[in-house]
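Visitor: Chains as they are written, first to last, in this note's numbering: chain A, 882 to 1666; chain B, 882 to 1666.
In short, the hints are calculated from the structure, not lab data. Take the hints with a grain of salt, since some may be wrong.
A pair counts as met if it fits within one copy or between any two copies, since identical chains are not told apart.
Below, a list of computed lysine to any residue pairs in the SDA-like style, where the Cα atoms sit at most 20 Å apart [unchecked claim]:
id: 1; residue 1: K1136; residue 2: I932
id: 2; residue 1: K1483; residue 2: E905
id: 3; residue 1: K1136; residue 2: T934
id: 4; residue 1: K1166; residue 2: T934
There are 2 protein chains.
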Amino acid sequence: MPKIVRTRVEFEGEVRERMAVVVEDQVLPWSAREKLDIVGRPHPRVGGRQIVTGGATYTADVQIPGMLHCKIRRSPLPHAEVLSIDTAEAQTLFGVRGVLTHANAPRIRWFGNSFLFDRFVRFEGDEVAAVAADSEEIAEDALDLIHVRYRELPFVVDPEQAMKPDAPRVHKEGNVIGGPEGDVYERGNLEEGFARSNHVFSERYETQAAVHNCLEPHCCVAMWNGDELVLWTSTQHAYGVRDGVAAALGLPLHKVRVICEFMGAGFGSKQGAGKHEVIAALLAKMTERPVRLYPSRREENLAGGVRHPTIQYLRAGVRRDGKLMALHLRSIANVGAYGTDSSEVGGPVRELYDCANVRTEQFAVYTNAGPAAAFRAPGYVEGMFALESMMDQIAYSLSMDPLQLRLVNYARKDPVRGATYSSKPLDEAYRTGAKMAGWNLRAKAQQMGARRRGLGMASQIWGGGGGPPAYAIIRLNSDGTADLVTGTQDIGTGTKTVLVQIAAEELGLKAEDIRITVGDTLAGPYAPVSAGSMTVPSMGPAVRAAAKSAREELLSLASALMQVSAASLSIRNGIITSTTPSKTVAVSDVTRRIGDFMIVGKGARGPNPPNVKVRTFGAQFAEVEVDVETGDVTVTRVVAVHDFGRIINPLTSGSQIEGGIVQGIGFALMEERFVDPESGTSLNANLEAYKIPTILDIPIIEHALIDRPDESCNSIGSKGAGEPPIIPTAAAIANAVYDAAGVRVRSLPITREKILVEIGKLKLQPKPAGEAPGPAQKRRRPRRG
Amino acid sequence: MPKIVRTRVEFEGEVRERMAVVVEDQVLPWSAREKLDIVGRPHPRVGGRQIVTGGATYTADVQIPGMLHCKIRRSPLPHAEVLSIDTAEAQTLFGVRGVLTHANAPRIRWFGNSFLFDRFVRFEGDEVAAVAADSEEIAEDALDLIHVRYRELPFVVDPEQAMKPDAPRVHKEGNVIGGPEGDVYERGNLEEGFARSNHVFSERYETQAAVHNCLEPHCCVAMWNGDELVLWTSTQHAYGVRDGVAAALGLPLHKVRVICEFMGAGFGSKQGAGKHEVIAALLAKMTERPVRLYPSRREENLAGGVRHPTIQYLRAGVRRDGKLMALHLRSIANVGAYGTDSSEVGGPVRELYDCANVRTEQFAVYTNAGPAAAFRAPGYVEGMFALESMMDQIAYSLSMDPLQLRLVNYARKDPVRGATYSSKPLDEAYRTGAKMAGWNLRAKAQQMGARRRGLGMASQIWGGGGGPPAYAIIRLNSDGTADLVTGTQDIGTGTKTVLVQIAAEELGLKAEDIRITVGDTLAGPYAPVSAGSMTVPSMGPAVRAAAKSAREELLSLASALMQVSAASLSIRNGIITSTTPSKTVAVSDVTRRIGDFMIVGKGARGPNPPNVKVRTFGAQFAEVEVDVETGDVTVTRVVAVHDFGRIINPLTSGSQIEGGIVQGIGFALMEERFVDPESGTSLNANLEAYKIPTILDIPIIEHALIDRPDESCNSIGSKGAGEPPIIPTAAAIANAVYDAAGVRVRSLPITREKILVEIGKLKLQPKPAGEAPGPAQKRRRPRRG
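Extracted from the complex, chain A is given alone in its bound form:
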């Protein structure tokens, strides 16, 4: 139950009253020594059989009699004013049931001062019109019969160009979000820090627009039941879509039901209501028929979101001993036409190392490109690439072991606020990873011919503590099985599996005796977005609390039946055991005895601990082979050691690590959306010219989990595992490339061309200042400290 708590805080000399909402959660954490039966063990994927046999109902599988198909007419231009739209011909096409444009759609404010269907289009792919027809083919044909006259406008796709005062304006308010100052963080005294540094390093880094490329696109099916909208959609947040669509359509919340039973990933691009959902709902209303909207891969890659491309200017001042004295980051994130400034590019610089003097200036800039969207550890993947590339460069410059440099700057407390960490086994991750990767042996690698081997590493820091609000309900059936009802969603990560394990552990039931319901706002209470690596640490404790409350009811009934005290009872494997006197009774005997009387447990996630910083940590070590003649890079092995607190299921955690690394390899070496600066249009909105890793690109991945309960984090002791594994991969690969080939590529992806250019520079130019020895001097590489 939420409560409002008033606290008095001193803020700039003034005492102010602050109000906070908290949920009480009386569940003590499982202690590290407690022997758990189900939590912590590999458990096969709940629903896995359905997924691999094709029996799982994804949104695209929803079929409703009379359902229409929607296709969207998109702008072919990066920036234009729509002068007129003539839909008359399209509407006469047999099978066309409805057409929506800015002329007949309600004026729904969508992004800033723009509208669902706007008179201005701001990127190639912007929505201009939508058609609902009897088939996808008819809808597509109809799109060609819509005649649109545009007035072309000047456009800009380069973020640094876009920041100039005379640049074409993507939005009236100007291209730099929040104004020309940017988003500034500062601690200590930057100038003093640099003044006290022995060495100053200054580099420009660049990261690209990577496309999420979820297996499942942003599809949805909208249907009206009377005045109630039912929306099947592929989303990371059923409740968020409910709220967003209700707001867009002016509906009360109880008139929108969102369903997402199975889901084929979002990676951050499906966190709330999208235009497609509102368009489908409007067309369903207009046509009085269910409407399905299934974007093509091209549409998805044009308009479905990309990772914010960044430009980062990073300056670091270090003492002779490697101590960081000053860090200064100026980052520019290109948010495209409708992205937001959510990308925390400066996060790693601010919080990974113990550095007293830090300034980050983050800029988020509109351009006439497809919109940016949060993408698995947004900001940190990009920022970590720059920071950890820089750290590697510093280490080589100072002839220090890169790992030793990191330990010299190890932050024992959160550098931002000085808070204690709930747990921080990053040093252990370094040690374990170094051992697994053979870090100390790396200098001995034989370098023969054109193919050079190298080993690089990088660190990871990320949130993942989750927090309230999150709710769960658990009901016991009369045969001793249980129904766990939640409003969360399983976006492909194994949420169902993990939550069932937690409920089974707490209730003492077998995991297969619990059914979990996710992805239906009608059935389950509020659950947070499956993002920010927060699902397990938010939903997990809520589920445990619900199970605990059910368990207490169960044991109280069992104690009455067994005539022993409830305190003497424990449950395991569906059997309730009393110690003194020694008696057992099956859970199902108790539930059968009470018949249709139902044990209903309700649980909520309690507040995060005060004055404690919850972070996940990790380190990755990448081993690469670089062909110095062709520039070809092959990742041969990645070692990953991560800390997610208590591991609920090593299989799902391991999958997260493998998936993150594979996606990180794509980001490091091959993925990039190209927008042609001449035409402002995308050159590779497909999966032919846009390369993602295939099975042939995937190296040996070895991982270790620092499986140590974080008891001051929450009642299950777990932190999130979703995003961390992608964070260090690109930096570790870039550092390995340097180790192998002696060149630093500071612009992702690390292509053959870029490597060859850098190797060319190496041959032409003198050793750059502050740079470590190249591959020729490999033998002089310092040992690990």
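Fit chain B to the known structure of chain A by using the hints.
Guide: Relative to chain A, chain B alone:
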């Protein structure tokens, strides 16, 4: 939360410990003086627009891609052994996907010692085989290609014949359920009672098999999601179907989900799992496709259940002053091939009147006819016809006002156990009804020509107190709307409407701001069967308890925000008001303030009060015109006065009264399933030869509600309204026919033929002993006392 309570009870001299499950419910009843805003007022049907515009999704409307259609091959014989079934030809028919017979179906025990598909068929319509095919037409064609060889067996369709020792046995165990003794109840000393009587009346009554004729047949759609069965079905008990189907298929309960969003009535015939649901599930498993089973009206009328036909021998002994001294009933209920003995024909005799010496002997007898099933107030409709016909006869014989006779025998306490009634305003119902009907003026009716007018009345007693277990969950959304989640079902009675009103009243919200979910065992917690007039009194208090718990959370938050004590706060129309100091805040302001934090209230129905008898009461007065030349009876007006405790919604209560009376008129005058004793087959399994009332048969219906909260019944003060209105109708009509035409028809339905036969007897025979004056002596009819 269910608790087990141990109580010590003395039973036949021994002290025994008895265990009972109780649910705590701390909600005090609304007092009678409390002014309620929403409860007690007419509120239009929730979902009504969907129903009348065709937008409601009934089970028959469920369409799933790839869905097959199932048809059932039924026995054409009343009793036979199936020697062989040859399905080879059917299986080769294009489009046939699966065929089930006793040869390949799992041996699922179904009724007593018989099976889902049995080697013996016991009535015309018994299931022999089932086909799943691409269309209903193909499935029907395939039925004709199944070749069955039967060995015909002797059969019996008359229950008194079936009771004879040498009668053909429908089941091996014998035809009389529970053995030849029957089900005996006795109090006082019957012989003494009769000995002390001045008059003894002895009559034989007969009631017929009436078909439920729900608008929606017993249809279902079965689909497997992996190892989970999803079953859409037209049912009065979603949880009951879940439990029954799970038991039949050997599935754990959490692997079965039952959905029934809209439902077209059950009248008692859809209380649990039926063969059709198990057959559909098996065929869906076999074919790996969803399977829809939609019985025809003929199948429905053959096998879907009928009201138990009864034969009742009733003997009554009365003193000169009308005091009942003894009542003896011997009743025989024909349960058909697979009915049960649930029919409490003796109920009215045992509990309506204050009579010290009572004996009821109830027999339930198998015959080779379609199975009986509970039908709106089972037993009481039949028993009341006999008892109240007899009371009328006694009154006329004693020259007493029939109403006065009832008051002479008025039971102030429950005659069965001596318990106090939670409330019993039956006397008020008599008075009000008599006034409305013009009871005192009835002797003045002009009797001209062949059409004679008459007025008759009868009483009603029935349960309707409901009780636990019943559960509800209510969640508040951030915009101040609410989701009420239940596992109950709205069988067409207005359950959704009434429960929304209760939640709105308790929460102080507008009714339209609450969405209710019913009919999905995945979403809602356990709810009882919608039968026994228990839905409102069971679910209502559970919903109120859930709303109260949510209200308490809401007010605690509001008090923190408003900085006033929670005790000073009240909510009305979505506005929270504090008295001192005078402040207001909208509910939505509070919920918006807490954002995604959710108020979740959980409620359960508390126990029924101990040592109190909860009963509903009522009286109906029927006015008829009898054409003494043709025997034609026209009901011209029915006045009904009923007590259901507090009326939540006068519209839905009124609809129950009207519906009950219409169904009662059909039962009194026209409905009857004929089974030919020569062939054992049904002669009118259709809606052409089986007559039900049409709009032309419906008289003026006037009703009054004794809208007085029953505060010792439950926290909402309401009792059930579903069944009572049909109970007295047939008796009141029969008594009116006597009043009009001077003849008693003791066998329902009262057809023209039966009336003419009785009038013929009247002309031929001397006045029968103990019988009142006929219509010729109308002027001598006694006045109301």
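Visitor: For each hint, tell me whether it holds in the structure or not.
Guide: For each hint, the structure was consulted:
Only between protomers do K1136 and I932 lie at most 20 Å apart by alpha-carbon distance; the minimum there is 17 Å, versus 31 Å within a single protomer. With identical chains, the CA atoms of K1483 and E905 are at most 20 Å apart both within one copy (12 Å) and between copies (16 Å). Taking the closest pair of Cα atoms, K1136 and T934 come within 20 Å of each other only across two copies (19 Å); inside a single copy the shortest separation is 34 Å, beyond that limit. In this homomeric assembly, K1166 and T934 come within 20 Å of each other (Cα to Cα) only across copies, at 15 Å, whereas the closest approach inside a single copy is 35 Å.
The earlier numbered hints are all upheld by this structure, with none contradicted.
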